[in-house]
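Residue numbers (this note's numbering), protein chains in the order written: chain R, 1228 to 1667; chain L, 1228 to 1667.
Read the hints as simulated data drawn from the structure, not as lab findings. Small disclaimer: the values here were computed from a predicted structure and weren't measured. Warning: the hint list may mix true and false statements.
Just so you know, same-sequence chains aren't split out, so a pair can sit in one copy or run between any two.
Stated by the list, open to error - Okay, derived cross-link-like pairs now, DSBU-like style, lysine-lysine, Cα gap no bigger than 35 Å in a straight line:
id, residue 1, residue 2
1, Lys-1660, Lys-1247
2, Lys-1247, Lys-1528
3, Lys-1644, Lys-1656
4, Lys-1417, Lys-1442
5, Lys-1528, Lys-1656
Protein chains: 2
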Amino acid sequence: MKKTVLFSDITIVSSHDDVKATVMENAFCVVSDDRICYVGQSKEAALEKAESLSSGDFETYDGRNKILAPTFANAHAHTPMSIFRNIADDFALQDWLFNEIIPREDRMIADDFTYGHLLTLAEMIEGGTACAANMYDGADQITLASAEAGFRLQQTAMGKTFKDGVWSADSKNVEDFIALCNEKGKGLIKPSLLVHSVYLYPGSFYADLSELAKKYEIPVSVHISETIKENEDCLSSYGCTPVEYLDQTGLLSDTTVAAHCVHLTENDMRILSERKTWVAHNASSNMKLASGFADMVGMQKAGIRLCLGTDGASSNNNQDMFIEMRLASFMAKGKTYDPTVMCASDVFHMATRNGYLACGFEDCGIIEEGMKADIQIIDYDCPQMWPLGNPVSSLVYSCGPKCVESVMIDGRFVLYKHDLTTIDFEKVKFETKKTMERLK
Amino acid sequence: MKKTVLFSDITIVSSHDDVKATVMENAFCVVSDDRICYVGQSKEAALEKAESLSSGDFETYDGRNKILAPTFANAHAHTPMSIFRNIADDFALQDWLFNEIIPREDRMIADDFTYGHLLTLAEMIEGGTACAANMYDGADQITLASAEAGFRLQQTAMGKTFKDGVWSADSKNVEDFIALCNEKGKGLIKPSLLVHSVYLYPGSFYADLSELAKKYEIPVSVHISETIKENEDCLSSYGCTPVEYLDQTGLLSDTTVAAHCVHLTENDMRILSERKTWVAHNASSNMKLASGFADMVGMQKAGIRLCLGTDGASSNNNQDMFIEMRLASFMAKGKTYDPTVMCASDVFHMATRNGYLACGFEDCGIIEEGMKADIQIIDYDCPQMWPLGNPVSSLVYSCGPKCVESVMIDGRFVLYKHDLTTIDFEKVKFETKKTMERLK
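Looking at chain R on its own, in the form it has when it is part of the complex (with noise of 0.2 Å):
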């Protein structure tokens, strides 16, 4: 049920476009339906607010040693792969994913993705996230969940069929697809092209699939040089890397998102950069799965649009923003033996704003005036926390998902005082176990 409610004296956190992150103090906050109508520190003009916005009938949330931030935007994620979390560590990659994963996804079924994704969204909520873009199958279910839980979504649409051994462009999964989300995804769900890689399908498909993101005028979502071998493979098969690839092929534009990006050649950075292509940083993936460490700074400095994802729960063993931000920052740190780059406030603008334009909600990852209201509290008054010092810095290097009490995604409280609820855990418990020992 969305309402009213007055966040007060509070301290605000948040990232703008224009400036990096600030800081107010003794603040309040003001939510009438999906919104922020008010961000200031008089109390008389907050009062005011709330009370003609619901003719008196609001919730006063008490904000002494909290924080109100924007929630997180996870830009690279596979939810349902949380049922295979913890099954199969520390194997090799092929290993890992031909001999565990793989033959477990090709016996799942439909109840399988709602609830694997279910059960991420619980986690991903605790931690103080309110979207993601995720890159998976069983995209009617996975919406259709997402939509009832009140969680932001950017969803990959198939758009392709394989049969006989051939690949094909299928625009009717796609235009079923973006029907689904007009009608059913309550303006949190949005459609997007999976275009796996550049090492997944022959290389005459890729510029159908550029048609199709074209023709339906959806983003791209796609992995890019995660590996070593991936760009050795495709400069044997194209001559080309896979940014170049892929560029060719017109699949980069200012709408794709662009998944790891751990191995680039300056000629890469410069054409990510021209096409404000989206990269999305998955710092504990890539050191989990010995990927590697990916450039942050050179992306930074070569003016790339970054943001960060988890991957999926099964290579981080998380979906917890906190973690992603505060390695980012510290793997840029130690690759470059510098202290001083990807400071606090670039990594949370990364985490808050950019993954929330990146997933397409241009209105939302700021605590401004006008904008959505997905938004976290976060209470400082623990241990891992005290005393605040810097509040952003607090909020990237000390925060964890035991410090989010509540989050508000559309104004719609689905954690609240560290209750979910709109999602019934137990039942996501229930089913996911199941689901695990089924697919053993």
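Dock chain L against chain R, hints included.
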């Protein structure tokens, strides 16, 4: 208050001295006074043991959907530095240390050590840590506070004075501190000797410190090869590496805890391995301060005894051993391009058994009959750990402080179902905030 507790129908995960982590499902564990008295799968045997040890007056702790594991021993900490958390991040090391930290440290008074330490203990306990090797001034206050809180500690004695520009050994200081540990430490506090690093004292002084450590038979606590600059300066001053220099002065033994060791030569590794010196790896701190990525896999292959530490909260900025386990594994995989190295059971062993051994507590860190009852209870009935999968992987890659339900040290609950029982956190908050403001 110590009593008899029967942990019932629980999943027990533990390292051992001879084999890697084991998992025992539907298990029972009985603790009486300060010891583990039963570990096994017979409900009857567990009940009988609990009854006979308590004359029937024991607590049954429901272990369904829970893991019982050894607590962590953090092998390198500077506990009072939590009062400097998040005040100066993303700074160059020299700027951070000499302009932000040391000027504040110079103005610390006795209470600051006490409450800064207690703040860190509260965070450690909530994160499943029950023991630390602590390198900091204020040893007396820290010892008294630890003993009161029921926390296990290896604490540095200063053992030296600085007068008229000259360092000299101070036997009395060491003697007094050993006496304090014996009289007031409640068996929980062990002394060590602070030998900060090769770069803080004049060359002539290291032999004196070495004699002091031998005379009182106490371990040495030292930073080694944290930065490239340290190595270069040592080579220029002494014509050898920090490891070689400390070895020449007799400061490396099988009780020495050497923190960081980011930049070691092959000969350094050979020496550390031969001396059986403990290396405390600080993955977060080394990355955040841009010191580099330590060669954990090389050290492991050289047979060096490895454990994990957080370093101080002002260069981490957490005291979370879950993060350190995860990162130690991920960093090693990323650095070597091999996802099979530094597996979950390796880092779990370092964080538990090896940490305790490095801190000098030989009968801790393993869930076996006769060992001290240092135990954590993890609640995996939550989105971030569900479904459980491999419990060792889950503890290392998915768990976090949010899932730590209870912590027992020496048979006493210091965290009971999410509540700290021995630390008055409201008082600690009040005092540390005051300190932080005074030291601005």
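Against the structure, the hints:
1. Taking the shortest alpha-carbon separations for Lys-1660 and Lys-1247, only the inter-copy value of 27 Å comes in at or below 35 Å, while the best intra-copy value is 43 Å.
2. Proximity of Lys-1247 to Lys-1528 under the C-alpha cut-off of 35 Å is restricted to the intra-copy arrangement: shortest distance 16 Å within a copy versus 45 Å between copies.
3. With identical chains, the CA atoms of Lys-1644 and Lys-1656 are at most 35 Å apart both within one copy (21 Å) and between copies (22 Å).
4. Proximity of Lys-1417 to Lys-1442 under the C-alpha cut-off of 35 Å is restricted to the intra-copy arrangement: shortest distance 16 Å within a copy versus 71 Å between copies.
5. For the identical chains of this complex, Lys-1528 and Lys-1656 are neighbours neither inside a copy (44 Å) nor across copies (41 Å), given an alpha-carbon limit of 35 Å.
Checked against the numbered hints given earlier, the structure breaks only hint 5 and satisfies all the rest.
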